[in-house]
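Model the full assembly from the supplied sequences, consistent with the hints where possible.
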Amino acid sequence: MNNLSLLLVVIVLSVAGYYLGRKRSVDVVRGEIRHLHSLPGYYGLFVALWCGLPALVVLAVWIASQTSVITSLVVSGLPPDFRSLPGEQLSLVINDIRNIADGTIVSGTRDQALYAAAKHYNRLKVTGFLAILAVILSICIAGLGLSKRHIAPSMRARVKVERTITVLMVLCSTVAIFTTVGIVLSVLFESIRFFNQIPITDFLFGLEWSPQMAIRADQVGAAGSFGIAPLLTGTLMISGIAMLVAVPIGLMSAIYMSEYATDRVRTVAKPVLEILAGIPTVVYGFFAALTVAPFLRDIGAGMGLDVSSESALAAGLVMGIMIIPFISSLSDDVINAVPQSLRDGSMGIGATKSETVVKVVLPAALPGIVGSILLGVSRAIGETMIVVMAAGLTANLTANPLNAVTTFTVQIVTLLIGDQEFDSPKTLAAFALGLVLFIMTLCLNIIALYVVRRYREQYE
Amino acid sequence: MNRAELNSHEDRLQLIKSKLKWRYAKENIFRVSGIIAILLAVSMLAILFISIIGSGYTAFQQTFIRLDIKFDQDVIDPDNKKEPEALSQADYSALVKTALSKMFPDVSDRRERRDLYSIVSSGAAFELRDMIMGNPALIGTTQQVWFPADDDVDMYIKGHIQVEAEGSGRIKESTVQWINALTESKSLKKRFNTTLFTGGDSREPEIAGIWGAVVGSFYTMIVTLALSFPLGVATAVYLEEFAPKNIWTDIVEVNINNLAAVPSIVFGLLGLAVFLNFFGLPRSAPIVGGLVLTLMTLPTIIIASRASLLAVPPSIREGALGVGASRMQSVLHHVLPLALPGMLTGTIIGMARALGETAPLLMIGMVAFIVDIPTGVFDKATVLPVQIYLWADSPERAFVERTSATIMVLLAFLLIMNALAVILRKKFERRW
Amino acid sequence: MVMSHDDVFETVGRPLLSDGRIKISCRNVNVYYGNKHAIKDVSVDIAEKEVTAFIGPSGCGKSTFLRCINRMNDTIKDCRFEGNITIDGENIYDKNMDPVLLRARIGMVFQKPNPFPKSIYKNVAYGPSIHGLARNKSELDEIVITSLERAGLFNEVKDQLDHPGTSLSGGQQQRLCIARAISVHPEIILMDEPCSALDPIATAKIEELIDELRQNYTIIIVTHSMQQAARVSQRTAFFHLGSLVEVDDTNTIFVNPEHKLTQDYITGRYG
Ligand SMILES: Nc1ncnc2c1ncn2[C@@H]1O[C@H](COP(=O)(O)OP(=O)(O)OP(=O)(O)O)[C@@H](O)[C@H]1O
Ligand SMILES: [Mg+2]
Chain A
1 MNNLSLLLVV
11 IVLSVAGYYL
21 GRKRSVDVVR
31 GEIRHLHSLP
41 GYYGLFVALW
51 CGLPALVVLA
61 VWIASQTSVI
71 TSLVVSGLPP
81 DFRSLPGEQL
91 SLVINDIRNI
101 ADGTIVSGTR
111 DQALYAAAKH
121 YNRLKVTGFL
131 AILAVILSIC
141 IAGLGLSKRH
151 IAPSMRARVK
161 VERTITVLMV
171 LCSTVAIFTT
181 VGIVLSVLFE
191 SIRFFNQIPI
201 TDFLFGLEWS
211 PQMAIRADQV
221 GAAGSFGIAP
231 LLTGTLMISG
241 IAMLVAVPIG
251 LMSAIYMSEY
261 ATDRVRTVAK
271 PVLEILAGIP
281 TVVYGFFAAL
291 TVAPFLRDIG
301 AGMGLDVSSE
311 SALAAGLVMG
321 IMIIPFISSL
331 SDDVINAVPQ
341 SLRDGSMGIG
351 ATKSETVVKV
361 VLPAALPGIV
371 GSILLGVSRA
381 IGETMIVVMA
391 AGLTANLTAN
401 PLNAVTTFTV
411 QIVTLLIGDQ
421 EFDSPKTLAA
431 FALGLVLFIM
441 TLCLNIIALY
451 VVRRYREQYE
Chain B
1 MNRAELNSHE
11 DRLQLIKSKL
21 KWRYAKENIF
31 RVSGIIAILL
41 AVSMLAILFI
51 SIIGSGYTAF
61 QQTFIRLDIK
71 FDQDVIDPDN
81 KKEPEALSQA
91 DYSALVKTAL
101 SKMFPDVSDR
111 RERRDLYSIV
121 SSGAAFELRD
131 MIMGNPALIG
141 TTQQVWFPAD
151 DDVDMYIKGH
161 IQVEAEGSGR
171 IKESTVQWIN
181 ALTESKSLKK
191 RFNTTLFTGG
201 DSREPEIAGI
211 WGAVVGSFYT
221 MIVTLALSFP
231 LGVATAVYLE
241 EFAPKNIWTD
251 IVEVNINNLA
261 AVPSIVFGLL
271 GLAVFLNFFG
281 LPRSAPIVGG
291 LVLTLMTLPT
301 IIIASRASLL
311 AVPPSIREGA
321 LGVGASRMQS
331 VLHHVLPLAL
341 PGMLTGTIIG
351 MARALGETAP
361 LLMIGMVAFI
371 VDIPTGVFDK
381 ATVLPVQIYL
391 WADSPERAFV
401 ERTSATIMVL
411 LAFLLIMNAL
421 AVILRKKFER
431 RW
Chain C
1 MVMSHDDVFE
11 TVGRPLLSDG
21 RIKISCRNVN
31 VYYGNKHAIK
41 DVSVDIAEKE
51 VTAFIGPSGC
61 GKSTFLRCIN
71 RMNDTIKDCR
81 FEGNITIDGE
91 NIYDKNMDPV
101 LLRARIGMVF
111 QKPNPFPKSI
121 YKNVAYGPSI
131 HGLARNKSEL
141 DEIVITSLER
151 AGLFNEVKDQ
161 LDHPGTSLSG
171 GQQQRLCIAR
181 AISVHPEIIL
191 MDEPCSALDP
201 IATAKIEELI
211 DELRQNYTII
221 IVTHSMQQAA
231 RVSQRTAFFH
241 LGSLVEVDDT
251 NTIFVNPEHK
261 LTQDYITGRY
271 G
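So the sequences go chain by chain: A, B and C.
With the working numbering as the guide, the letters of the first sequence map in order to residues 1 to 460.
With the working numbering as the guide, the letters of the second sequence map in order to residues 1 to 432.
With the working numbering as the guide, the letters of the third sequence map in order to residues 1 to 271.
Because the hints were derived from the structure by calculation, they are not lab data.
All the given hints hold, so there is nothing to weed out.
Derived pair list, reagent style DSS-like, types lysine-lysine, alpha-carbon separation capped at 27 Å:
#1 Lys17(B) with Lys49(C)
#2 Lys137(C) with Lys17(B)
#3 Lys270(A) with Lys427(B)
#4 Lys189(B) with Lys158(B)
#5 Lys359(A) with Lys270(A)
Dropping the structure here:
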């Protein structure tokens, strides 16, 4: 592993730096450690940080850019008739080159130029590796040497090391922000490119979704239509069915567990809900496709109904099962946050338990419960695998839950799986859908988090 | 107490009493519906498990057919070159065909012959090649070899498919006769399906295995763990122990809470746009999968780690500061060790969730059909849940049971991880 | 003085009353929380239409004993009751006694004002409507208004009946809770430190109210304030470590207590 060995080199040098720095600090004061400002270990760390950190940064940049740098070099070395190929075909060629370079057998016509390019590619890889190795070695050694020379009894090594660690921690905490920024930028940019090709009004208000684009420009009647209405209705229908299943069951089990259940029931029911929560969604998807959908179709056939084998009902039901533990654990927290004194007040006046729950506890917990339901809806809208495996691909604008419908997430997956041609509206549409999805869930989450937080404060 | 008041007291109690029956009925309905809700949840879990196990347990066995293979020099190495190049190019399927023809000499019709040849997996030829490549001395000998049966035969033996009228089904009457003959001569039996655990993916169900996906999952998890644990802990320590309370930290905090609720597929889009298209990292590679999953699990780990730091009583910090430690020393030497078990628990739970995650990995191309077992984080790979998705999508009946079996394996891994988290929590549970 | 937690004190004073005045009679009451013996063999009578004060140091079981009287302890899981409590001669721990019905007869006011997060009107209407005491809206209005009036709150809130009960001041909230308790016309009102969360002015109002309510209701009040017990109650019971040490007329208790512990407590020498 090339990159791994580079990393090892940096680590080994840093460890060496630690011992050298430590030794040096002891030597500087001739073993009289009490003359040092900090413990010798801090001088060691000081040197190790100087030795390792810059090199690690360079290494990370290299790993991130390595492929694109080499690729662009290889492309520029290709014969001109390759270089002038349009984007997608060029990327296919590059893929071929990489495969040949890796030694995997490529099918189809093989140009001699590609072999030459592959050789070039491999050569560049080796050169690149040697170059970066040299760079990293020199950075490490320079850092080590310079910082070691700085060591003096009066140097505040501990303070410096601690300050570095603090800065590193601050950097770590910005990752969350960069993630959000990254999400927003990446979906936004591609979406803007999409809206340059397809008017945003068509996208938002169009009633038809069929992203099949013409393969050749002169083909007729295949412009593709990108109206999200059927996706929106499909998504809402499946999420609605899911919530119809999850809210009553989740809420009632939370109520039962917190207000009625004996310890015995709780020790059984709680793990069951936790297991439900821990099952991967792909498993639910398989369950929906394997068991629930055929079951519903058989029942439908028995009643003379025509149930699609990819019905919204099947996907919604299973998604509901998935969301049950989510609703129940959030509601459980919320219900338990209602002060006992309210229950006492109600019971003390002669209310039964259910009256207390329905008329006092639930209204008091309502904001929190609404918050948890909103989070559940957000999760249902963003859920992917269940619908990919159990819902349909064709966009039907229908209100019948027995029909097949499709959702945002299904379309994103189908548009992006397989060979994509970048820049085609088809691929970009996926990002536009992602943007819609992100905005919808973001709004739901913010409202929900706000409501729940306000509710918490009310009883704190 | 005057008379009227007494009466009205009595009246009132009577009134209340008259409504009590109805109120208790409602109470019972309410309680019973709570029980029903829990029973529903339990039974749904039970149905899910039963249907997965019921459709998957048969995958742990595979039908094998024994053939007497004559390693014919004329077929394998007619020029007697003994070079690996030549040996690997030989037509090994001819050996299998010959063996089958010898077993059923009266099959002469061309169509029937083809059916006959297809009762053994097409992987048989590769198996023979590997035998010869490993031991060329076998050339010229005759060996008894157990080959995996074709998936249709396997499905027939397991009772998943039946013979249908006029040969319209996947399996024909004649094939059944051969199967019966083989069974009688003890040349056909079911054995434990090792291939399922040791093989890579394949289009042929009988030689497809999950090892490639397991290794891919392993590499992806290693990357995720290596990145998300230090990042998460550092962030949590900073926010909980050092950060000043200001707008900036508020923004970070809101961000983290919100990221925890962003749909996973959006992280996939991020990975596609940033890691693949912008940074040009390789498609389908565990390194990218790990990066995406890191961003996804980070909020979980941060939230758990902060909770666990919060649970460390201030007296510990004060004690350390009191003996002259710096703030950093008090945190690193005293607070962090106490909070570590809680952080680990949160990390394991986050990793378990990442292990089951599928959607974002589809976006970054980990859904490709990959036969080879990956050997590093930059290799093309797939992961267990994606393997499940891929097999669930395959039309062959034999992939249904393999999908279920893979699910069982995945669930077993998740169970182990969660059990680990529970044990860790129990073991280090501390009350101050 | 050295005391152990296992000590059971013989009750001195006049715990038992002559038949005519008895509303509640408790005999050999023992309460356990799991293994903890919280009430130890308490026997006492509570007189009708009179205020009885329970005093004693924190944790001595006053609240526990109070909650036995309307069977609120039933709602605590590991709480076990032994003994006998009768109201008007009826055993309230009888199998046939319905706790819902019992609690409709016994109102309760808690230490911290606990109005429901609903409007003032709905807070007071809660009891009558769950019990079905009003046939129509105007009857309900009337119940709400009279209850608020009796609790001395009506004039202050008559223009804001639809405001949330939680928006009132602490003293008003506590009076709202009293209004809520008397809205179902109970015979007995149990008050567990009703003034401990209130300022002196609000406290004075509540005390005044208690004095008025005494005309119609049998009241038991738990309090930590000697002065309050002296001001509002006719009889006082002193609890200590789960035992009932002394019961007598309030005057006697405060002027001439029989038991040394009682004297120490009311003179503030401990507790
Ligand atoms: N729900 C409970 N579970 C277990 N023990 C309890 C419970 N409630 C009270 N106790 C115990 O019973 C004893 C009596 O408690 P109780 O609340 O009746 O005291 P109190 O006299 O009302 O005290 P305070 O004046 O502080 O309100 C205490 O020692 C307490 O610890
Ligand atoms: Mg009390």
